[in-house]
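Engineer: Listed here are the chains, written in short residue letters.
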Amino acid sequence: MDFLTIIQVLDSTVRLATPLLLACLAGLFSERAGIFDIGLEGKMLMSAFFSAAVAAVTGSVWLGLLAGIAASLVLAGLHGLASITFRGNQLISGVAINFLAAGMTVLIAQDWFQQGGRTPSLIGGGRFGPIEWPLAESLREFPLIGPVYSELLSGHSILVYVAFLAVPATWWVLFRTRFGLRLRAVGENPAAVDTAGVSVVGLRYAAVAICGVLCGIAGAYLATALQAGFVKDMTAGRGFIALAALIFAKWRPWHAMGACLLFGLLQAIALRFQNIDLGGVVIPVQVMDALPYVLTVVILAGFVGKAIPPRAGGEPYVKER
Amino acid sequence: MDKMPQWADVVLIPLISLILAAILSALVILGIGEDPVAAVNMMVSGALGSTYGWGYTLYYATNFMFTGLAVAVAFHARLFNIGGEGQAMLGGLGVALVCLYVPWPHWSIALLAACGAAMLFGAIWAAIPAYLQARRGSHIVITTIMFNFIAAALLNYMLVNVMRPVGSMDPASARFAETVHLPTLHELLVPIGINFSKAAPANVSLLVAVLACVVVWALIWRTRLGYEIRAYGHSETGALYAGISPYKITMVAMLISGALAGLMAINNVMGEAERLVLNSTEGAGFIGIAVALMGRSHPFGVFLAAILFGFLYQGGAELALWTNIPRELIVVIQALVILFTGALDNMVRMPLEKIFLALRKGKA
Amino acid sequence: MEDKTIKAVPAIELKGISKSFGPVQANKNISISVAPGTIHGIIGENGAGKSTLMSILYGFYKADKGEIWIKGKKTEIPDSQAAIAAGIGMVFQHFKLVQNFTVLENIILGAEDGGLLQPSLAKARKTLAELAAEYELNVNPDAVIEEIGVGQQQRVEILKALYRQAEILILDEPTGVLTPAEADQLFRILHRLKDEGKTIILITHKLREIMEATDTVSVMRRGEMTATVKTSETSPEHLAELMVGRKVLLRVDKVPARPGKPILEIENLRVVDEKGVERVKGIDLTVRAGEILGIAGVAGNGQSELLEVLGGMRPGSGAIRLNGRALPLSGPGSDARARRAAHVAHVPEDRQREGLIMEFHAWENVAFGYHHDPAYQSGIFMNNAALRADTDRKIEKFDVRPADGWLAAKNFSGGNQQKIVVAREIERNPDLLLVGQPTRGVDIGAIEFIHKQIVALRDQGKAVLLVSVELEEIFGLADRIAVMFDGHIMGERLPHETDEKELGLLMAGVSGEAA
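Protein chains in written order, with this note's numbering: chain A, 1 to 321; chain B, 1 to 364; chain C, 1 to 515.
This is chain A alone, in the form it adopts within the complex (with noise of 0.2 Å):
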């Protein structure tokens, strides 16, 4: 395998993981405030079609990422209306939500192009473009410095330095400001918080709401950079993986960052090589395919480190003495 291949590898790496960190990363703050979402993966969907549905007619990529933005957190409401006001099954208001989004997408999607439940293919100002570092193109050929600022640093879209970016961020906000103190407070001890005299149902949706906003951001992404335009079912279990690269990362953010990049590398790999062969053992893809589910059990099992999700995750609070 020779180096350039590698930074191939790296450079889709970096954009499959995307998707994943923001999905990750919009779980973290859901779960860290006590609420579980199995419905990342419905958010995506939908944002991933109301973006590209929005850019597509629009011709406005910037139009097509709030609408996304705006229909994941219609989803991410209704998970709040839910789990948060009317203290239902966070895990069951989940599933639901992913299939309302399976189900959403596609009709108004036939409804609206005719398409088989795909949007038009996105053109010109309908996609985020790539974004070249300044010299990128006259380091290109400086030897091993040159690939990786020009090939692995630089030339993603605007999406992917925000997924990146979003993970101090997030840090920051959770572990140096007052609304992440509190933030993790009500995901540990609502009654802690509500005592204290501040509102944990304001507290709740705010996290549900930011994991909109996050999941809306990720499904726009699909649609509109990593794919031009939406077909069925294009979030592919990504959702999942996110949910599984939290369990891994134990809840905190720069480790959320670590996980999404391992499945993204997993995802390249199985991209680029189908079978791998290792001297005489072939790896079938499906091995690939299946390892961050793998992975996810295996940590889940505790056999690597115990992950201890936080402690009033799936309760509705109930106000008592």
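If you are wondering where the hints come from, they were derived from the structure by calculation, not from laboratory data. Just to be clear, a hint being listed does not mean it is correct.
Computed cross-link-like contacts, DMTMM-like style, restricted to lysine to aspartate or glutamate with a CA-CA straight-line distance of at most 20 Å [unchecked claim]: (1) Lys-361(B) / Asp-64(C); (2) Lys-452(C) / Glu-396(C); (3) Lys-410(C) / Glu-353(B); (4) Lys-275(C) / Glu-236(B); (5) Lys-261(C) / Asp-431(C); (6) Lys-410(C) / Asp-9(B); (7) Lys-230(C) / Glu-209(C); (8) Lys-501(C) / Glu-470(C); (9) Lys-248(B) / Glu-274(C); (10) Lys-319(A) / Asp-79(C); (11) Lys-232(A) / Glu-282(B); (12) Lys-452(C) / Glu-472(C); (13) Lys-198(B) / Glu-187(B); (14) Lys-206(C) / Glu-224(C); (15) Lys-319(A) / Asp-64(C); (16) Lys-96(C) / Glu-315(A); (17) Lys-123(C) / Glu-134(C); (18) Lys-319(A) / Glu-173(C); (19) Lys-354(B) / Asp-64(C); (20) Lys-410(C) / Glu-236(B).
Source: prediction; values computed, not measured.
With chain A fixed as given, assemble chains B and C onto it according to the hints.
Structural biologist: Same frame as chain A, now just chains B and C:
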């Protein structure tokens, strides 16, 4: 005091939830420029208007009875088995292995063996998440989701690399032998003078599914094991106090659940496709969640809800065929049913409880 | 000092507070007035409505009727924020702390200055040092809550209130988890707060605390305020009478015990809990036929774990023998089913989480734990008809009301729920009865009935091991008293040879010789 009578809890709440889901679905149909009344008419005539329609409705219902029971049994032990899909896939693998590699003299013996294999494979696929939950405290919802994906990868591998006949491009197994063909409702009913559609896939598995409903009912409500499962589901500390092993109940309930989900394969793999194809489960494992919620985890409720969803599935297929409404409408309805009967239960329940309380005060 | 209580504007005045939960009226037309700079006690039985009243004052519930006046001003308290703004601080019975946060983080939570944490933390650190010096409230600000003891955690709760500049401090059953020594320390702190002009409301069901710590006291019974008196002008007997509405028999009628052969022998028993903490640290005990051994102690000193390991609910190490036969403490044969087979019955501490399945019918609960009994089986199915007949018999014998076996357990009152549990366990005619907090949350009438049943079992020559945090109950029932502290047995006493003071010292970990 109970806030409202039991019949309201068992009948009224699911009914209201269903009506809410129906209203919203009608709005969705309106929203995409179609006529909801015409759509319902077409669904009814397509799904229930002919023995052909009934044959498909009952075929789908059979799948959903198995997966609905699977989810329901786990619910009784307060375990959310979201992995019915993967367990059903593995059940299909078991059925395929049994049907492909053993020369069966008669379908009835083959069916027994296939049932055994389907249940075994489904149970094994549920056993690992169950063990991890019981012994290592890993959240069963997450592990069963992960196992769905792992099952899909495994099946993909088996069909592409192992079971695909030489020369075939299709990721599917070879066709099963004629001897393991399960009698369809047509073949069963013609001897007694009923002319049932020849083309419909409903088959003898339906009877197995109905039998499974009865067995699960007896298990949950009439046996000691069922008593223990329900007790554990209500209170884990209570179970410890009563000498009921949480480990045992988690394992047993999930094994039964996985076996029931796996059992679905006798219908879709052995009864209909007569070979193993990719994505043969078609999401039936997830519909089991809606069916179990709708049926209040009671086998009779599951039976009714499965038929309802069978109707929706067949009706939806007819709609997709004759109108501009894609099949995904059913996925939306399914989502709404799960949402209202599962997650938004309190939205229906709280006002209803107030009404009953007011009624009681009025009487007193 | 008491005289100023009458003249000053009341710190808090409640006027005609009423609150219902569905058909249950928790507070009926309650009025009190508390003078500033005093300690006011509110005493009442479980379920008398004390906590509801305080929750209204802290904005947790909204009163259906009535007014709240703070320092002579009518005040609306729709939520906790309003309560804090009105200068009210509350220390709940179950602490409201974030377990994996530091003391400092818990203190600033909800009372931060500005959007960034660092300045708030720095300010809180300084204030905390001042408060610690002023009120002797020393806590390490950087300690993580889950790593400090309950006494310390309680201080954090008090500090939280003081940090928010509370003028009125409400403490709900603050000594439930404290040793008598820790409780004394708490009362010293409270007196100091009072001297600084703070007003304190102390909610408790312990007469002793009222007599020792308060200036005035209100008594609640069944949602009503039955009296408000000066503490110096009343007596425990009088308060007790006001609490229950009639003269109470503090002692249980019983003949002297005639202990026989040892039924239960415990040797060097140890229990390590799920977190790896040793809760029972090598104890030796014997319970004889025909006697009640009472285990006294402050909650959380290993009594619950002792009961649970004996009942087969958790593993332990060491040795226990029943009628001379060893019972396994871990592995096969150590679960609750095996214990029942060995004729050990168990009335657990928490009937709602352990002893009953609240959603099950009464008749299903009558089989709970005994569902393997051949009498309840019919082939592969359970014989529900036989079970229901058995239930009707037990309901009649133990006077469970309403006498309806089809009712779900959750629809019975606390006392009747407990009667179902006691009926189920005692009617098994066990050799050994384990009883934990038999009368917690149970009304007076049922208490007497349950106590009589336990004594009757003893008089049949059976062994009883009673765990209770109520010293009164221990004195009333036990023929012999063992005191547990920090997983150890501190000593054994005979009830007529000891008193509450001596037991209190033992409960605080002061051994008999030193005392």
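Engineer: Lys-319(A) and Glu-173(C): Cα distance at most 20 Å?
Structural biologist: OK: Lys-319(A) and Glu-173(C) at ~19 Å, within 20 Å.
Engineer: Given the hinted pair Lys-410(C) and Glu-353(B), is their alpha-carbon gap at most 20 Å?
Structural biologist: Holds: Lys-410(C) and Glu-353(B) sit about 17 Å apart, inside 20 Å.
Engineer: Lys-230(C) and Glu-209(C) were given as a pair; does the straight-line alpha-carbon distance stay at or below 20 Å?
Structural biologist: Holds, because 14 Å separates the two Cα atoms, which is no more than 20 Å.
Engineer: Starting from Lys-319(A), check that the Cα of Asp-79(C) is at most 20 Å away, please.
Structural biologist: holds (11 Å)
Engineer: Do the alpha carbons of Lys-248(B) and Glu-274(C) lie within 20 Å of each other, as the hint requires?
Structural biologist: holds (19 Å)
Engineer: Is the hinted pair Lys-232(A) and Glu-282(B) satisfied, with a Cα-Cα distance of at most 20 Å?
Structural biologist: Between Lys-232(A) and Glu-282(B) the Cα gap is close to 15 Å, so the pair holds against 20 Å.
Engineer: Does Lys-452(C) pair with Glu-472(C) here, judged by a C-alpha cut-off of 20 Å?
Structural biologist: Judged against 20 Å, a Cα distance of about 15 Å means the pair holds.
Engineer: Is it true that the CA of Lys-319(A) sits at most 20 Å from the CA of Asp-64(C)?
Structural biologist: holds (17 Å)
Engineer: Does the structure keep Lys-123(C) and Glu-134(C) at a Cα separation of 20 Å or less?
Structural biologist: holds (17 Å)
Engineer: Given the proposed pairing of Lys-275(C) with Glu-236(B), does the C-alpha separation stay at or below 20 Å?
Structural biologist: With Cα atoms ~18 Å apart, Lys-275(C) and Glu-236(B) stay inside 20 Å; holds.
Engineer: Do the alpha carbons of Lys-354(B) and Asp-64(C) lie within 20 Å of each other, as the hint requires?
Structural biologist: Satisfied, since the Cα-Cα distance of roughly 16 Å is no more than 20 Å.
Engineer: Straight-line Cα separation of Lys-206(C) and Glu-224(C) no greater than 20 Å?
Structural biologist: holds (18 Å)
Violation of the numbered hints given earlier is absent; every hint is satisfied by the structure.
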